[in-house]
Amino acid sequence: MRRVELPTVSESVPGVTNGEPGAATRRAWRLHKLAFSCLGFLALIHLVVFAGPLFWTLSPTTVDPLNTLAGFSAGHPLGVDDLGRDELSRMLAGGQVTLIVGFVSMIFLVIFGVLIGSTAAFLGGWVDAVLMRLTDTMMAIPSFFFVLVALTVVTSKDPVTIAVVIGASSWMPVTRVVYGETLQWKARDFVEAAYAIGVPRRQILLRHILPQMYSAVIVSATLGIANAILTESAISYLGLGIQPPTASWGNMLKDAQGYIFMDQNLALFPGVAISVVVLAYNLLGDGLRDLLDPRLR
Amino acid sequence: MLNFVIRRLAQGALTVLLVTIIVFFLVNAAPGGPGSIMRPDMTQAERQALIIRLGLNQPVPVRYLSWLGGAVHGDLGVSLSSSLPVGTVIGQRLPNTAELAILTLIISVVVGVVLGVTSAMRRGGVLDYLVGLLSVAGLSVPVFWFAILLILFFSVDLHWLPASGMSTGAGFDLGDRLQHAVMPVLVLALTTLPNIIRFARASMIEALTQDYVRTARAKGLKRLRIAYVHVLRNALLPVISTVGVLVPRLLGGAVITETVFGWPGMGQLMFEAASSRDYPMVMGITVVMALAVVLVNLAVDVLYSVIDPRIRVS
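For the protein sequence lines, the chains are A and B, in the order given. Residue 158 in numbering that gives the first Met the number 0 sits at position 159 of the first sequence; the count goes up by one each step and never skips. Residue 191 in numbering that gives the first Met the number 0 sits at position 192 of the second sequence; the count goes up by one each step and never skips.
Please keep in mind that the hints were generated in silico from the structure rather than gathered at the bench.
For lysine to aspartate or glutamate, the following EDC-like pairs were computed, each having C-alpha atoms within a straight-line distance of at most 20 Å:
no., chain 1, residue 1, chain 2, residue 2
1, A, 156, A, 254
2, A, 32, A, 285
3, B, 221, B, 210
4, A, 156, B, 271
5, A, 32, A, 289
6, B, 221, B, 205
7, A, 32, B, 127
8, A, 253, B, 271
9, A, 185, A, 127
In isolation and in its complexed conformation, chain A is listed as follows (with noise of 0.2 Å):
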């Protein structure tokens, strides 16, 4: 359907510049700080989201009946939410949830495109023009549809299934950069070398091919997780997603917009909590695209 863009693949090695060392890693430091500091950031929450727990030990699931709703305190920073639950401790749940689901959707995507297109693209003939047949069909389906009917097959709506249905529901951008990289490296003279010193096929695609697409692929994979998190929470909101009571960012955004005249601050926290990391997937990941791939700049 859609003509596939190939980069062009410039004669200069990536990575290696002239000068003292070190002055590469400093210039891109410099040009980069935006994507460093969201790293630093993605690290902080990671950590307080995971460890936090181990400090904040006030139950996500207890249900306080007398006290709904209340505000600030010291016994709970974050107030309490309709049940009468520490918003604080639900904070920690949910966002380990949503990002355990924005990772394991992105391992999931990653394992799809890679597959995929490395296939199509280095066997060409029929499987490549099945493969790519199937990735235009899928990418004609809004991939939220895809999703919503997805949910109504499975069973189970734990995490990891619904990173899975993530996961086979957005594969097709990465396979397209994964088959566009693929078709350029294949041409190239070293892998012409290695079929005639008589590597066999398995190994030029693994380790002669593969590998010259990893920045491509971390790039993807980044920008993969900010589209996880973002779709999960959609239909953790729209109530098929992270069933109650295991908390999510987003089924708490669900929970708050009911009571959203009483207490506005429940729905703020989730959804700056999930704006803010999404941000940041999506910073870091134009950061690695200009640092790992210089030929864009």
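On the provided structure of chain A, position chain B as indicated by the hints.
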């Protein structure tokens, strides 16, 4: 040209066919079948009768072929939850979504091109930086949360805009209709605008490095005149092609937007159909959406090759 259109039409038809196959088999992989046969108040005999009436005792490929046979004759079956013909329901909902989608596309293309081209002209400047940051931020905010914030601000605090629905009162009033559309369009534009800005900017920057720009500069033309008279038209061409890519995004975004704003369109219908396991409806919506995506892409490609004859050669 005619050959090109025919070839693309055939490809498009194949894509739609494959979409229906994938979704049909996915839908039928669900344990327990459609939602209506899982109602707890039915007896075993009633359930059995329904299964036979819906043809669920036949193998999936046979069911697919009979569905396909109906679909090519324009019969998309009957909704399991409302008992109305799927085609009729979709016919009522489609124009509402089309209204949102077209308004959104017009606004986001105009605003996106202006912002993208302006930041390309001031590459590396403060404005470029701000627009870039703003478009990443737009991609990062959950659509439904942005919608809730808009409702809180414009409907609850300021009382400027209606919070949901398509109109107040039964009669048609253009002003009232547009007032209802403002927030849904804003929310949908959030999903399309960042892509258009980025694409317009990149396209403009690339066009500015072309040889004819240097030639024009060498013969003494002003920089701004070159940019806005010579380069802009060339830079805008590729932006057309993003519209084709954005349509699926827009339709996906419509599910949440229409649900939050109670806008009776295809997105809301899709959410209702998927959550009540109304499979004929899910299939019907899928076909119509895939057709829309394929036709828009075809239109974009034809338009593109009419405007830019270089495309046709390759």
